[in-house]
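Those protein sequences? They're chains A and B, same order as listed. Position 79 of the first sequence, counted from 1, bears residue number 79 in the working numbering, the numbering being contiguous throughout. Positions in the second sequence are counted from 1; adding 199 to them yields the working numbering.
Read the hints as simulated data drawn from the structure, not as lab findings. All residues carry an ideal CB built from backbone N, CA and C; glycine is no exception. Certain hints may be false.
Said to hold, decoys possible - Pulled a few chain A residues facing chain B out of the computed Cβ check, cut under 7 angstroms:
(1) Leu39
(2) Ala69
(3) Phe87
(4) Thr118
(5) Ile122
(6) Pro126
(7) Ile128
(8) Leu155
(9) Leu157
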Amino acid sequence: MNLAEGVQVVSFGVLSLMVLGTALGVVLLSNIVYSAFLLGGVFISISGIYILLNADFVAAAQILVYVGAVNVLILFAIMLVNKNEDFSELPRRWIRKAATGLVCVGLFALLSTMVLITPWAIAPQPEIPLANTIVTIGKHLFSDFLLPFEIASVLLLMAMVGAIILARRDFIPELPVEEPIATALTLPERPRELIKSEK
Amino acid sequence: MHLQLEYCLILAAALFCIGIYGLITSRNAVRVLMSIELLLNAVNLNLMGFSNFLDPVGIKGQVFAVFVITVAAAEAAVGLAIILAIYRNRDTIDMEQFNLLKW
Numbered sequence: 001m002n003l004a005e006g007v008q009v010v011s012f013g014v015l016s017l018m019v020l021g022t023a024l025g026v027v028l029l030s031n032i033v034y035s036a037f038l039l040g041g042v043f044i045s046i047s048g049i050y051i052l053l054n055a056d057f058v059a060a061a062q063i064l065v066y067v068g069a070v071n072v073l074i075l076f077a078i079m080l081v082n083k084n085e086d087f088s089e090l091p092r093r094w095i096r097k098a099a100t101g102l103v104c105v106g107l108f109a110l111l112s113t114m115v116l117i118t119p120w121a122i123a124p125q126p127e128i129p130l131a132n133t134i135v136t137i138g139k140h141l142f143s144d145f146l147l148p149f150e151i152a153s154v155l156l157l158m159a160m161v162g163a164i165i166l167a168r169r170d171f172i173p174e175l176p177v178e179e180p181i182a183t184a185l186t187l188p189e190r191p192r193e194l195i196k197s198e199k
Numbered sequence: 200m201h202l203q204l205e206y207c208l209i210l211a212a213a214l215f216c217i218g219i220y221g222l223i224t225s226r227n228a229v230r231v232l233m234s235i236e237l238l239l240n241a242v243n244l245n246l247m248g249f250s251n252f253l254d255p256v257g258i259k260g261q262v263f264a265v266f267v268i269t270v271a272a273a274e275a276a277v278g279l280a281i282i283l284a285i286y287r288n289r290d291t292i293d294m295e296q297f298n299l300l301k302w
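Make a model of the complete structure from these sequences and hints.
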């Protein structure tokens, strides 16, 4: 990035405030639709941080994949399970919430102290930042990360087939009740409903 | 005053903790999936910080982040399909009532 140091720090601060605020909104708001839109805000501010970290390609991929695909998918799921149900009150639920909050704050304290006391082996920044990250990422993808790249394509195919099979609505047509005439072309298998009705 | 690695890591740690809090305490199943996305984004932020500050020439961390984004998209699709299937079976999306595996 060719920005001045102060501009970078200030924009990083603004973006991290946006990230934390929208993430808290996602978790704490009671309306699930607001949460879904705030999740889009989280993704967009994180892609801004990626741009500050000299990663233009991943920032674009973040917006395309997360805001364009995942967030829209979540909105569709909210529409499909369109149910405003009032969850039944559970006894001693606040104990669980308080314990979880305590564990999360403790985890954050642990991680921050670890981050602050570890001597990181910071590499010297090159004078000219990498001009074309897409070329470098492409070289990595087709040389030393070739096997994970190909496996990722198989994974996407598996996820697509699995999602279709899981979300498909099983449609059993209303068949006539009388005994079908057994011909040479009749299959030995029958739908489960017919067998149950014969008993 | 430079942009430092520690800022990125602390921001990612905070995002991760918020995600874990939402993952455990939320009762809407779709919100649980959103919290998982927050966790994956926190890890991605870590990877990008390390890629920029520890390996600014090779940028292997960005390649890792691209793979994490791929896996996250696949996970979201399958997870939402599972939630739809459970919703059709149990007619609820309350996480407290998904007790089919309780012994």
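Verification of the supplied hints:
Nearest Cβ of chain B to the Cβ of Leu39 of chain A: about 5 angstroms, under the 7 angstroms cut. The hint holds. The interface hint given for Ala69 of chain A is met, as the beta carbon of that residue sits about 6 angstroms from the closest beta carbon of chain B, less than 7 angstroms. For Phe87 of chain A, the interface hint holds, the least distance from its beta-carbon to any beta-carbon of chain B being 5 angstroms, beneath 7 angstroms. Hint on Thr118 of chain A is violated. Least Cβ distance to chain B is approximately 9 angstroms, over the 7 angstroms limit.
The interface hint given for Ile122 of chain A holds, since its Cβ lies 6 angstroms from the closest Cβ of chain B, which is under the 7 angstroms cut-off. Taken as an interface hint, Pro126 of chain A checks out: its beta carbon lies about 6 angstroms from the nearest beta carbon of chain B, inside 7 angstroms. Interface restraint check: Ile128 of chain A against chain B, minimum CB-CB distance 11 angstroms, threshold 7 angstroms, status violated. With a cut of 7 angstroms, the hint placing Leu155 of chain A at the interface with chain B holds, because the nearest CB-to-CB distance is about 6 angstroms.
Interface restraint check: Leu157 of chain A against chain B, minimum CB-CB distance 9 angstroms, threshold 7 angstroms, status violated.
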